[in-house]
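There are 2 protein chains.
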Amino acid sequence: MNDFLPHDHGHSFRFENMPKTEEFLAVSEIFKQLCDQTRIKIFWILCHCEECVINLSSMMGMSSPAVSHHLRQLKTYGLIVSRRDGKEVYYKAADTEQAQLLHKMIEKMVEISCPAAG
Amino acid sequence: MNDFLPHDHGHSFRFENMPKTEEFLAVSEIFKQLCDQTRIKIFWILCHCEECVINLSSMMGMSSPAVSHHLRQLKTYGLIVSRRDGKEVYYKAADTEQAQLLHKMIEKMVEISCPAAG
DNA sequence: ATTATATATGAACAATTATTCACACGTTTA
DNA sequence: TAAACGTGTGAATAATTGTTCATATATAAT
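Each protein sequence line maps, in turn, to chains D and L.
Numbering follows the working numbering, in which position 63 of the first sequence is assigned residue number 63; successive positions increment by one, without gaps.
One rule links them: number in the working numbering = place in the second sequence (from 1) + 1000.
Hints listed in this document are in silico derivations from the structure and should not be mistaken for laboratory results.
None of the values given here were measured: they were computed from a predicted structure.
Any given hint might turn out to be false.
To list a few chain D residues with every Cβ distance to chain L over 10 Å, as calculated [unchecked claim]:
no.: 1; residue: M62
no.: 2; residue: R72
no.: 3; residue: Q73
no.: 4; residue: T76
no.: 5; residue: V81
no.: 6; residue: V89
no.: 7; residue: A94
no.: 8; residue: D95
Below, in silico cross-link-like pairs of lysine-lysine (DSS-like), each with a Cα-Cα straight-line distance of 27 Å or less [what the hints assert, rightly or not]:
no.: 9; chain 1: D; residue 1: K104; chain 2: D; residue 2: K75
no.: 10; chain 1: D; residue 1: K104; chain 2: L; residue 2: K1075
no.: 11; chain 1: D; residue 1: K20; chain 2: D; residue 2: K75
no.: 12; chain 1: L; residue 1: K1032; chain 2: L; residue 2: K1092
no.: 13; chain 1: L; residue 1: K1108; chain 2: D; residue 2: K20
no.: 14; chain 1: L; residue 1: K1032; chain 2: L; residue 2: K1075
no.: 15; chain 1: D; residue 1: K108; chain 2: L; residue 2: K1075
no.: 16; chain 1: D; residue 1: K104; chain 2: L; residue 2: K1032
no.: 17; chain 1: D; residue 1: K92; chain 2: D; residue 2: K108
no.: 18; chain 1: D; residue 1: K32; chain 2: L; residue 2: K1075
no.: 19; chain 1: D; residue 1: K32; chain 2: L; residue 2: K1020
no.: 20; chain 1: L; residue 1: K1108; chain 2: D; residue 2: K32
no.: 21; chain 1: D; residue 1: K104; chain 2: L; residue 2: K1092
Where is the CB? At the ideal position from N, CA and C, for every residue including glycine.
Model the full assembly from the supplied sequences, consistent with the hints where possible.
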């Protein structure tokens, strides 16, 4: 990759293992789900219980369309799943490696970044 | 927290361990650094070597102001550090728990999300 | 059955924010 | 001086977020 860089700083490392552009894109799309304070909180909640939209709206202090919008995003990327029961639709975190990794990541990052957190 | 939710679905879990709003915000700010394809790639590179702006620009196929902008963001959040040597400024990943966690996270997520990746 | 109500989603819009570029400026070296 | 490298600023474009209004779906009431 850096065979023709403006400057040669002499490192021999040639990035053989560097993910491809599409791979960086795919990963950034997933991380994009955790960019937003609202979405990360919704995801965290859904990692701990199953909830319907109206309750999530209440917890978040937001309108249901806004919450629904975030839920759709999370679902599109396979981080959460839903089921309908009567009038309500229940959401919870998907049982996938990705979702579990993100969940762990969030809790670890809270630990590291917010030392006062108990 | 959910003592007064519109619906009571009967879970006893009361989110005692739920991070506070500020904590979700802080974490989302950090993940925001990995939201962008460009920034995540820059960060990955800087986890593997030290580089100057002009080389990063070349690798990314972007103008130096754009790269500089991303570098400033990453630096503001403590994910990378810089040193000047002559005319050039060299950047590399910070030696912090946060940066290492993010680095591991990126590589793991590439593995999981891009199975074809070698 | 028809109507009304509750829940959730979709679409259009506005407001905010992010990304990138081009240009100008500051710093360092030759 | 002059050239190379990097950064700050402003502008243009694109993306994100949340609101409002309308629509679907399911249950309950009359």
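Now for the hints, and whether the structure bears them out:
{"no.": "1", "hint": "M62", "in the structure": "holds (13 Å)"}
{"no.": "2", "hint": "R72", "in the structure": "holds (18 Å)"}
{"no.": "3", "hint": "Q73", "in the structure": "holds (13 Å)"}
{"no.": "4", "hint": "T76", "in the structure": "holds (14 Å)"}
{"no.": "5", "hint": "V81", "in the structure": "holds (16 Å)"}
{"no.": "6", "hint": "V89", "in the structure": "holds (12 Å)"}
{"no.": "7", "hint": "A94", "in the structure": "holds (13 Å)"}
{"no.": "8", "hint": "D95", "in the structure": "holds (14 Å)"}
{"no.": "9", "hint": "D:K104 with D:K75", "in the structure": "holds (19 Å)"}
{"no.": "10", "hint": "D:K104 with L:K1075", "in the structure": "holds (25 Å)"}
{"no.": "11", "hint": "D:K20 with D:K75", "in the structure": "holds (25 Å)"}
{"no.": "12", "hint": "L:K1032 with L:K1092", "in the structure": "holds (19 Å)"}
{"no.": "13", "hint": "L:K1108 with D:K20", "in the structure": "holds (14 Å)"}
{"no.": "14", "hint": "L:K1032 with L:K1075", "in the structure": "holds (13 Å)"}
{"no.": "15", "hint": "D:K108 with L:K1075", "in the structure": "holds (21 Å)"}
{"no.": "16", "hint": "D:K104 with L:K1032", "in the structure": "holds (17 Å)"}
{"no.": "17", "hint": "D:K92 with D:K108", "in the structure": "holds (20 Å)"}
{"no.": "18", "hint": "D:K32 with L:K1075", "in the structure": "holds (19 Å)"}
{"no.": "19", "hint": "D:K32 with L:K1020", "in the structure": "holds (21 Å)"}
{"no.": "20", "hint": "L:K1108 with D:K32", "in the structure": "holds (16 Å)"}
{"no.": "21", "hint": "D:K104 with L:K1092", "in the structure": "holds (26 Å)"}
Figure legend: structure checked against the earlier numbered hints; every hint is met.
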